[in-house]
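All chains should be built: construct the whole structure from the sequences, respecting the hints.
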Amino acid sequence: MLLELDDIHKSYPGDAGPAPVLRGVSLSLEAGQTLALTGESGSGKSTLLHMAAGLEVPDRGRVLIGGTDIASLGDLGRAEMRRTRLSVIFQQFNLIPSLDVAANLAFQARLAGREDHAWQTQVTRRLGLDEHTAKYPEQLSGGQQQRVAIGRALAVRPDLVLADEPTGNLDEALGDEVITLMLDLVAETGASLLMVTHSDRLAGRLGSRLHLSRGQIAA
Amino acid sequence: MNARTLAYAVCAAMVICAGPVLPQGFSGLGQDAEGFAAATRGTEIVFPEDHAPHEDFRIEWWYVTANLVGEDGRDYGAQWTLFRTALVAGPDSGWQSPVVWLGHAALTTPEAHFVAERYGRGGVGQAGVSGEPFEAFIDEWRMAGPNLSDINIFAQGSDFSYDLQAVADRGYVLQGDQGFSVKSPSGEASHYYSQPYYQVSGTIRTPDGAQRVTGQAWLDREWFSSILTGGQPGWDWTALHLDSGDKVMAFQVRGADGGAFTGATWIAADGTATPLGSDALRLTPLRRTEVAGREVPTRWRVELAARGLDVEIAAVNPGAWMDLTVPYWEGPVRVTGSHQGVGYLEMTGYE
Amino acid sequence: MTRTALSALLSHWKRKPFQLLTFVLGLALATALWSGVQAINAEARSSYGRATDAVGGGAGEVIKAKNGGPMDAALYGALRRAGWRVSPIVEGWVSVEGGRVRLVGIDPFTAPQTAAAGAAIETGPSEFIAAPGRLLAAPATAARLRTSPDLPPVIDAPEIAPGIAFADIGVAQALLGLEGQLSRLIVVSDQTPALRSLNEISPDIERQAAGSAEDLARLTDSFHLNLTAFGLLSFAVGLFIVHGTVGLAFEQRRPVFRTLRTLGLPARRLIGLLVAELMVFALLAGIIGIGLGYLIAAALLPDVAATLRGLYGAPVEGQLTLRPIWWAAGLGIAILGTATAAGSSLWKIARMPILAPARPRAWAMASERALWAQGAAAIGLLAVALIAGTAGAGLVAGFLMLGALLIACALLLPLILAGALRLAQTAARQPLAQWFWADTRQQLPGLSLALMALLLALATNIGVGTMVSSFRLTFTGWLDQRLASELYVRAEDDAQAGRLLAYLTPRSEAVLPIWNVEIEIGGAPAELYGVADHPTYRENWPLLSALPDVWDRVADGSGALINEQLSRRDGYGPGDDVPLPGGALTVVGVYSDYGNPLAQVLISPEVLTARYPDVPRLNYGVRVSPDRADALADGLIRDVGLAEDNLTDQAALKAFSIDVFDRTFTVTGALNVLTLAVAGFAILTSLLTLATMRLPQLAPVWALGLTRARLARLELVRALVLATLTLVLAIPVGLLLAWVLLAVINVEAFGWRLPMHIFPRDWAILGALSLVAAGAASLWPAWRLARIAPSELIKVFANER
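Residue numbers (numbering that gives the first Met the number 0), protein chains in the order written: chain A, 0 to 218; chain W, 0 to 350; chain R, 0 to 800.
In short, the hints are calculated from the structure, not lab data. Take these hints with a grain of salt, some might be off.
Derived list of chain A stretches under chain R, where covered just means 3 residues or more per stretch with a C-beta under 8 Å from a C-beta of chain R [what the hints assert, rightly or not]:
hint, region
1, 45-57
2, 69-78
3, 95-101
4, 107-113
Here are the computed distance ranges between Cβ atoms for each label pair [claimed, not checked]:
hint, chain 1, residue 1, chain 2, residue 2, range
5, R, Lys-347, A, Gly-23, 53 to 59 Å
6, W, Asp-55, R, Pro-615, 42 to 48 Å
7, R, Ala-193, W, Asp-149, 25 to 31 Å
Ideal Cβ positions, reconstructed from N, Cα and C, are used throughout, including at glycine.
Here it is, written out as structure tokens:
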């Protein structure tokens with residue numbers, strides 16, 4: 000099993016005491032599997048994704064990646080896990096504004112110490128970014144920026160891609176196009192994909208789906 | 000005669016100039032020589048007047064070496080030296096006196112060698128010499144008495160001192176030709192007389208404590224204005240008290256080519272002094288000792304065939320290194336061979 | 000990983016070079032002012048140290064006459080013969096162009112191994128000792144000595160302390176007229192047992208600790224402390240800039256930090272890289288700052304040197320040498336400053352959760368709680384200032400009070416400004432005015448650091464300016480009293496003096512002798528004057544305190560007048576005996592003597608000539624009715640043949656005196672200007688950085704119908720309003736500062752106390768200057784706003800974050 004979330008609980012401090020966001024969520028993902036996580040705003044789906052990425056720590060429950068409980072890894076171990084085994088794609092594209100497109104695309108692979116020029120060139124071409132490699136993020140449209148983010152995530156050939164509303168800032172047509180590219184590349188690398196989305200239509204394009212409601216998996 | 004200590008006199012002129020580079024000021028010394036008198040043959044030496052400084056001459060010294068035996072039966076040596084150097088010709092009085100005085104004192108035991116050095120300007124009561132009553136002094140060091148045949152000798156350093164009474168019952172010995180002593184083939188010369196007949200008693204002090212001593216001492220007096228020609232890297236000088244009552248002064252000035260200019264005086268037990276020709280003496284180094292990072296001969300064969308002398312002289316303490324502004328070796332020796340006795344050896348220019 | 004992450008971090012600066020420039024320049028300026036002042040101080044201190052060391056004092060001991068006077072030179076031989084290892088010194092002053100030089104005669108044969116002894120031997124003993132001898136001096140001093148034809152040849156010896164010349168003791172005795180005498184004897188460090196005690200040799204001498212470098216350092220400490228305080232203030236102002244820039248740069252890069260962490264860069268590595276980045280910049284800025292500091296020091300040192308030479312007789316030349324320790328200290332302070340400025344930012348990042356959002360605006364808005372904490376700190380510091388001011392005494396307490404006061408006022412500034420703006424907002428009726436005041440208040444936290452820097456700079460300017468101007472006013476008034484004679488004449492020789500007197504006596508109301516000799520009191524140079532018993536003195540002389548019958552007692556030869564400097568320095572007051580060559584006299588009065596670098600004593604001319612029969616009798620003041628002064632001057636030139644150079648009228652003398660005065664405060668003035676410039680730069684950088692963040696605030700107002708040009712004008716007005724408010728607050732702070740300077744620091748530093756005067760016109764000028772600075776600083780951001788593309792403003796609505 001590549002990813003296992005086991006009985007995850009998480010609360011945030013609120014005005015009237017702790018407000019529970021996740022209330023015992025469990026899910027698992029096998030290698031090569033793609034899974035969509037749907038739910039309304041505030042259902043806790045993004046928080047769950049952050050847990051899977053090790054960006055946040057659950058109050059209770061375990062997160063296992065490749066059988067390893069990431070709580071046992073410590074900050075350094077989790078950082079290494081994120082660098083080498085996972086890629087995260089956010090709704091906000093999270094590019095580095097002071098680096099050009101080429102540098103952004105190669106960034107995670109370089110950080111992980113496994114740059115593959117041929118693969119990177121291929122990803123760049125597939126994403127239609129050939130013309131734009133010398134530009135800076137602010138000179139790109141939203142769709143182009145998200146393609147760069149996807150390219151950066153896949154250039155490192157991760158085991159697991161975690162995507163949080165990757166097309167949330169794009170219109171429907173553009174969103175579909177970007178999702179298609181992402182799914183193609185994910186399939187090509189053999190990575191698993193966990194994608195958070197509020198769109199049933201997009202969710203339908205993934206292998207399986209789970210619906211989150213008020214912090215719990217809905218049937 | 001001894002050709003020793005020219006370097007020290009020169010050094011006195013240069014003051015604290017240690018090191019091979021001569022300061023510019025020194026290069027003017029040759030011209031200044033015109034203001035000074037030169038040593039001339041036939042000049043009569045008169046006492047006690049000639050015990051006092053000769054202001055016409057550039058360089059002058061009062062030089063005593065003493066071979067001593069302690070109550071413990073061991074050999075000791077003491078040296079007391081005062082050099083006078085005039086930077087330019089002129090009277091030695093007042094704060095603008097051109098005269099510089101330099102004192103060296105040493106005390107040698109079989110194991111240790113203590114040295115001290117003093118500088119002083121002339122004319123201000125820090126250093127000077129008067130003929131009779133005799134007094135030579137620099138700082139608190141002194142050699143003084145009613146006359147030069149009855150003197151007290153005192154010096155101290157940070158770790159030693161000595162206080163000796165020296166009495167001579169005979170007259171002075173004129174070196175060379177009635178006190179005119181030639182030093183090099185090219186004719187540089189000095190006025191030179193000695194008093195080799197001092198009987199000494201007194202006290203020496205080292206960090207180990209005080210020791211009563213007795214023995215004999217040798218005084219050299221020499222004054223001149225010219226300096227040695229170049230190409231003479233150093234010299235070896237020795238003065239010997241033989242058990243037979245005879246005394247010997249022998250020296251060689253080593254040439255850069257390996258040759259040497261030698262000279263010697265035989266002073267018979269009855270006091271008659273005979274200068275020996277420049278080829279009468281043979282000095283042969285027998286053993287070298289490493290001192291202060293250099294090889295210094297501390298055992299010599301001394302031959303004066305004309306007088307049947309063939310002895311070995313050996314340093315009481317091979318480490319008698321004078322670690323001063325200009326360093327040299329000077330210390331007591333024992334004499335064995337055709338004659339027995341004691342003496343003093345000085346060697347300079349060993350690099 | 001490290002390289003990749005570092006390249007991402009550094010790429011920020013490549014895209015925002017101006018921010019980098021601000022950071023580096025701010026730090027460089029701070030380092031420059033600090034290290035420039037330090038260089039000046041170090042140069043002066045090293046001069047004192049070398050001066051002492053060169054004569055073999057150092058930590059050693061000397062033998063001196065118990066009465067402080069010269070000793071019989073025969074003592075030297077006696078001491079040496081008694082086993083005392085001592086080296087003789089004769090000392091005195093020789094007057095040459097550009098101020099006197101201390102001449103030290105040494106005996107190279109016995110002197111401790113020092114720079115001077117070494118140089119003497121290099122020279123060659125024959126030349127050094129034999130007549131005419133040689134003088135050895137630092138190149139700048141040597142150049143001055145060569146202007147005097149009566150001195151022996153001078154040899155440059157860079158290793159010798161400036162302001163000092165060395166000669167052989169025999170040569171020096173002759174030059175100083177001290178034949179057969181010694182000033183003191185250095186006790187050489189390695190002594191052998193002495194044969195006789197000092198007392199046996201002479202009852203009139205004693206052994207003392209040398210330590211004259213310390214004396215000089217103590218004497219000049221207050222002056223250096225003054226400079227150091229200025230340097231520190233400038234550094235603090237510079238740090239405000241750095242703190243602001245680093246904070247902003249970190250805040251703007253928060254998304255990058257977050258992305259880096261998300262992509263798997265460990266937090267510790269991130270902090271390490273940021274620290275390394277900052278250190279590299281700090282080193283770069285430090286090097287630039289040291290270079291600038293060197294230029295500042297080199298430009299200011301000649302005046303400082305002149306002041307020190309004049310005020311304290313301290314041997315300093317206007318030449319700067321680079322010292323490794325100074326480089327190291329400059330870099331150290333740059334790094335320390337960066338660490339101080341960036342510490343809180345780094346701390347925040349270390350503790351920040353990975354997904355914390357970037358909020359540059361929130362960063363710019365200080366929380367209410369922080370504001371109150373600042374207020375509390377300010378109250379605490381005010382208490383410290385109060386305690387230091389009432390309970391403390393002396394220079395350190397004065398500076399403590401100053402420092403606490405200034406920082407407290409700076410900390411209070413944002414609170415007071417916020418209050419003032421709130422009032423204005425409440426009073427405003429028009430919606431645009433209300434928005435303006437509200438928006439200004441909102442902007443205040445982001446600007447408060449720069450405004451605090453401005454407050455410090457302005458207060459310092461007002462304080463120091465008030466001090467200098469008060470001083471000047473008092474000084475010129477005093478000059479009018481002091482320079483009462485209409486003409487001052489100087490004869491070439493005694494014969495001409497006789498002719499002068501004969502000519503002047505029937506043609507003037509009085510001819511007053513001005514005869515003086517240079518002496519030493521307490522080891523520092525002093526002037527001894529003979530003054531005639533005349534109403535000119537009785538009526539005009541500015542006495543601060545006096546015994547009854549003061550002028551009668553001076554006239555009968557039993558009393559002496561001393562200047563305030565001598566009185567404060569050595570603690571003599573009316574009724575005390577002041578030691579003078581030839582015997583002490585009773586102090587009958589103390590007079591103010593502003594601007595005079597030296598201690599001064601006035602006695603009757605009869606006493607002077609009795610003690611110094613050879614005193615030159617060449618200088619005279621002439622009392623004549625002012626309308627006849629010019630005619631008399633012409634007559635002197637025409638009929639007596641007096642050279643024009645030897646005739647000075649009152650006005651010229653006053654101008655010269657004022658010039659001496661002004662030079663003393665050149666450094667203060669220069670540092671003042673530099674500090675203000677740094678504060679201006681702080682405002683500029685703050686406004687520029689705020690401008691980029693303010694678009695979300697401005698865009699809605701623009702959308703509601705205000706033109707960009709109007710907005711830009713309002714931005715300009717805002718900067719001016721804030722600067723004006725700061726100036727108004729700076730005035731009372733500056734006046735407090737001036738009071739401390741005049742009443743505490745000046746007395747310690749210069750030896751005179753002054754009444755305080757207030758100069759509102761100077762404030763107006765300063766106010767105008769600061770408005771110009773603030774206006775100029777806001778002009779660029781405002782201009783950029785006026786020219787901004789509308790699409791940029793629209794973007795605000797399209798894309799938050």
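Checked hints:
no. : hint                              : result
1   : 45-57                             : holds (count 4)
2   : 69-78                             : holds (count 3)
3   : 95-101                            : holds (count 4)
4   : 107-113                           : holds (count 5)
5   : R/Lys-347 / A/Gly-23: 53 to 59 Å  : 34 Å, violated
6   : W/Asp-55 / R/Pro-615: 42 to 48 Å  : 44 Å, holds
7   : R/Ala-193 / W/Asp-149: 25 to 31 Å : 27 Å, holds
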